[in-house]
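One letter stands for each residue in the lines below.
There are 2 protein chains.
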Amino acid sequence: MSKVNIPQLVSILKDILPIGFNALHEPNLKGNELKYVTDCIESGWVSSVGSYVDLFEEKLAEFTGMKKAIVVVNGTAALHMCLKLVGVIENDEVLIPTLTFVATANAVTYCGAIPHFVDSEEESLGIDPIKLDAYLEEITIIRKNECFNKLTGRRIKALVPMHTFGHPVNIELLVKIAEKYHLELVEDAAESLGSYYKGIHTGNFGKIAALSFNGNKIVTTGGGGAILTNDLEIAKMAKHITTTAKIPHKWDFIHDCIGYNYRLPNINAAIGVAQLENIDYFLTSKRKLANQYIDRLSNVQGLSVYKEQEFSESNYWLNTILLDINNIYQRDEILTELNNQGIMSRPVWKSLHTLEMYKDCPRMSLEGAELLEKRIINIPSSVLLGEK
Amino acid sequence: MSKVNIPQLVSILKDILPIGFNALHEPNLKGNELKYVTDCIESGWVSSVGSYVDLFEEKLAEFTGMKKAIVVVNGTAALHMCLKLVGVIENDEVLIPTLTFVATANAVTYCGAIPHFVDSEEESLGIDPIKLDAYLEEITIIRKNECFNKLTGRRIKALVPMHTFGHPVNIELLVKIAEKYHLELVEDAAESLGSYYKGIHTGNFGKIAALSFNGNKIVTTGGGGAILTNDLEIAKMAKHITTTAKIPHKWDFIHDCIGYNYRLPNINAAIGVAQLENIDYFLTSKRKLANQYIDRLSNVQGLSVYKEQEFSESNYWLNTILLDINNIYQRDEILTELNNQGIMSRPVWKSLHTLEMYKDCPRMSLEGAELLEKRIINIPSSVLLGEK
Ligand SMILES: Cc1ncc(COP(=O)(O)O)c(C=O)c1O
Ligand SMILES: Cc1ncc(COP(=O)(O)O)c(C=O)c1O
Numbered sequence: 001m002s003k004v005n006i007p008q009l010v011s012i013l014k015d016i017l018p019i020g021f022n023a024l025h026e027p028n029l030k031g032n033e034l035k036y037v038t039d040c041i042e043s044g045w046v047s048s049v050g051s052y053v054d055l056f057e058e059k060l061a062e063f064t065g066m067k068k069a070i071v072v073v074n075g076t077a078a079l080h081m082c083l084k085l086v087g088v089i090e091n092d093e094v095l096i097p098t099l100t101f102v103a104t105a106n107a108v109t110y111c112g113a114i115p116h117f118v119d120s121e122e123e124s125l126g127i128d129p130i131k132l133d134a135y136l137e138e139i140t141i142i143r144k145n146e147c148f149n150k151l152t153g154r155r156i157k158a159l160v161p162m163h164t165f166g167h168p169v170n171i172e173l174l175v176k177i178a179e180k181y182h183l184e185l186v187e188d189a190a191e192s193l194g195s196y197y198k199g200i201h202t203g204n205f206g207k208i209a210a211l212s213f214n215g216n217k218i219v220t221t222g223g224g225g226a227i228l229t230n231d232l233e234i235a236k237m238a239k240h241i242t243t244t245a246k247i248p249h250k251w252d253f254i255h256d257c258i259g260y261n262y263r264l265p266n267i268n269a270a271i272g273v274a275q276l277e278n279i280d281y282f283l284t285s286k287r288k289l290a291n292q293y294i295d296r297l298s299n300v301q302g303l304s305v306y307k308e309q310e311f312s313e314s315n316y317w318l319n320t321i322l323l324d325i326n327n328i329y330q331r332d333e334i335l336t337e338l339n340n341q342g343i344m345s346r347p348v349w350k351s352l353h354t355l356e357m358y359k360d361c362p363r364m365s366l367e368g369a370e371l372l373e374k375r376i377i378n379i380p381s382s383v384l385l386g387e388k
Numbered sequence: 001m002s003k004v005n006i007p008q009l010v011s012i013l014k015d016i017l018p019i020g021f022n023a024l025h026e027p028n029l030k031g032n033e034l035k036y037v038t039d040c041i042e043s044g045w046v047s048s049v050g051s052y053v054d055l056f057e058e059k060l061a062e063f064t065g066m067k068k069a070i071v072v073v074n075g076t077a078a079l080h081m082c083l084k085l086v087g088v089i090e091n092d093e094v095l096i097p098t099l100t101f102v103a104t105a106n107a108v109t110y111c112g113a114i115p116h117f118v119d120s121e122e123e124s125l126g127i128d129p130i131k132l133d134a135y136l137e138e139i140t141i142i143r144k145n146e147c148f149n150k151l152t153g154r155r156i157k158a159l160v161p162m163h164t165f166g167h168p169v170n171i172e173l174l175v176k177i178a179e180k181y182h183l184e185l186v187e188d189a190a191e192s193l194g195s196y197y198k199g200i201h202t203g204n205f206g207k208i209a210a211l212s213f214n215g216n217k218i219v220t221t222g223g224g225g226a227i228l229t230n231d232l233e234i235a236k237m238a239k240h241i242t243t244t245a246k247i248p249h250k251w252d253f254i255h256d257c258i259g260y261n262y263r264l265p266n267i268n269a270a271i272g273v274a275q276l277e278n279i280d281y282f283l284t285s286k287r288k289l290a291n292q293y294i295d296r297l298s299n300v301q302g303l304s305v306y307k308e309q310e311f312s313e314s315n316y317w318l319n320t321i322l323l324d325i326n327n328i329y330q331r332d333e334i335l336t337e338l339n340n341q342g343i344m345s346r347p348v349w350k351s352l353h354t355l356e357m358y359k360d361c362p363r364m365s366l367e368g369a370e371l372l373e374k375r376i377i378n379i380p381s382s383v384l385l386g387e388k
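Top line first, the protein sequences correspond to chains G and X. For the first sequence, the positions run 1 to 388 when the numbering used here is used. For the second sequence, the positions run 1 to 388 when the numbering used here is used.
Hints are computed from structural coordinates only; laboratory data are not their basis. Treat the hints loosely; a few may be bogus.
Copies of one chain are not kept apart here, so a pair can be met inside one copy or by any two copies together.
Claimed, not checked - Taking lysine-lysine pairs in the DSSO-like style, the calculated list, with each CA pair at most 27 Å apart, reads: (1) K150 to K359; (2) K3 to K250; (3) K359 to K236; (4) K35 to K131; (5) K30 to K359; (6) K3 to K59; (7) K180 to K35; (8) K359 to K250; (9) K150 to K131; (10) K350 to K239.
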């Protein structure tokens, strides 16, 4: 096992990338963004009422092949609502990977529920289905079609796989696990717009899913997110509770349950519509870049570049170097050197079970995730880098 | 006591207003909105990083005379954070008017706390301080500098007055009540940007306050809000928890408490900056319209138009007709007729204690609010209407 030759790594990356500073993921706003935004401002419809919200929702449903999309202020809000809509309540546990952005866990706590951390695997960088099954077999008991954690006594209500960096998780196995243990499956598809598992867009596998259109995502609205579902009843409720749960009336203000103000302003939706018009180009360009990384970095010893599984099609949102296990001690040196050289790079998130506020949450053994955390380095992945 | 002559009312309103349909409150986006938004799109900075967020926060602090403003996705989020930041936790009670938009109560529930409904008075359309004092005297007990509800056993943590339609509440008395009963004072200033109490901008009277920049507000950002405070420590914490509580680091993702993604995108802040540049004009124009309503409708018997108290300066966000008590039975007829005539009008919100999800919350007797609810009709108040 040889260590990573850092100057060689830098030199190949510099060869792939344009001269100058390369960000991790920059938005590309060169389509109709300005045109549609101008339309909003000139018509006065910048706010919640307006046609771009409807259009964006239609186009998202069409693109993902799902029945309904409900756009919201951001991916965190989308996840919060997804969990509410499948019935997560106070004191429930929700199974989530420890290796995810903190928003996944935060959304669980917004419901008064408790994150229960699950391990990840190298194949998908997402939840390890085999280990999860064995773990649930051991610690759960099913009573009246509900799953209980024998150790804490709490109900385990939902399972939230996340498609890490846009790479589809092994969702088919997770669907089976959700069925076996009577768990609601909620996909955190924040990073996986444009990613497919066996030809089906991510988000289609559970009852409901969340997207993010944050500034660093493949499609951005400044800030934004969406709830995706194939269940029309849930879609109706999603629209209702994200818009203050107001009952339509000529003038009366009657709200029939505790709602949220999670609606996406029309002006942000306008940007989203323009972005979606270019998503095929974004995906093609990002795939070109990913293939260059995979191809050219195969010459560097001591690391590999993550490649989609053969039945998956990744959006390659963030390209990922995986250090060989023996070289994890080089991670921070590589990060420092790449960043110094204007090649923006970062490690994966700190495992959530190590954060102060989540350190006492229930969890399985998390060796897979802990090791991955030391091995992952994300490298520049903007659309425009694929153009070179 | 004479009843309202509806044809006369319509005819005077038509004389004041331009020909055609008149909305309740339309945004005015004729300043630098398009210029700044274009700048965001052309520079690629539509998202959370970007200079308009900082600039908008500075300008808001300057305009309101407060030390710090922290902009967020909307007024509801701002209120939620205000309550968290003054220490409202699960099972606390929070005193709020029953006559407010539902978001005030919802924000309380997001903290796991319980709204406790308070009566309103005709003078300010906001909380009745005299009645509140008498009520708290009766039902509370102070233990170790904390206020407890003797009837429920729960702690009463905060008092949230709201400046209805931009008209300043009798805040001086409420400040005294908050002190007397050891309550945190949080101002719901969602509607009162540009409103002053004895020359001091609303929002300055408690520890923290919330603004809204929803599409119908005096200044809009599509959707948006702000937290205002004179306490620098709270301001720092507000910024931290509204931006996922991430600790600054070159690359590590460490979050030190449960945070929120409540940040306002740069593109929405850009609109806000342009809007604030014109606020003096907005306020002047709205005041002209209000004065016309007050003046001309004094000829209509059986109703009055709400006028700011002599020590207050209202932004006249929404102009308000108050039916004489004997004429409340005419409310729906007037609403129907005005709306039919293209003069958009609406009643005040349905009192929150009458909504299904809040009907079992603690409350004082609410006769003042219940009567006001039957008497109030809001009439068109857009900036451009003052130009005629
Ligand atoms: C896995 C994951 N979940 C949730 C989110 C939350 O999305 P947002 O930032 O739009 O709130 C993100 C993105 O930031 C994410 O990467
Ligand atoms: C009194 C009051 N509080 C809170 C809010 C919530 O603000 P937003 O709609 O921006 O969430 C509003 C405005 O809608 C309001 O009028």
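Outcome of the hint check:
| no. | hint | verdict |
| --- | --- | --- |
| 1 | K150 to K359 | within (20 Å within a copy, 37 Å between copies) |
| 2 | K3 to K250 | between (70 Å within a copy, 24 Å between copies) |
| 3 | K359 to K236 | between (37 Å within a copy, 25 Å between copies) |
| 4 | K35 to K131 | neither (50 Å within a copy, 54 Å between copies) |
| 5 | K30 to K359 | neither (43 Å within a copy, 51 Å between copies) |
| 6 | K3 to K59 | neither (47 Å within a copy, 53 Å between copies) |
| 7 | K180 to K35 | neither (50 Å within a copy, 56 Å between copies) |
| 8 | K359 to K250 | between (50 Å within a copy, 23 Å between copies) |
| 9 | K150 to K131 | within (18 Å within a copy, 52 Å between copies) |
| 10 | K350 to K239 | between (33 Å within a copy, 21 Å between copies) |
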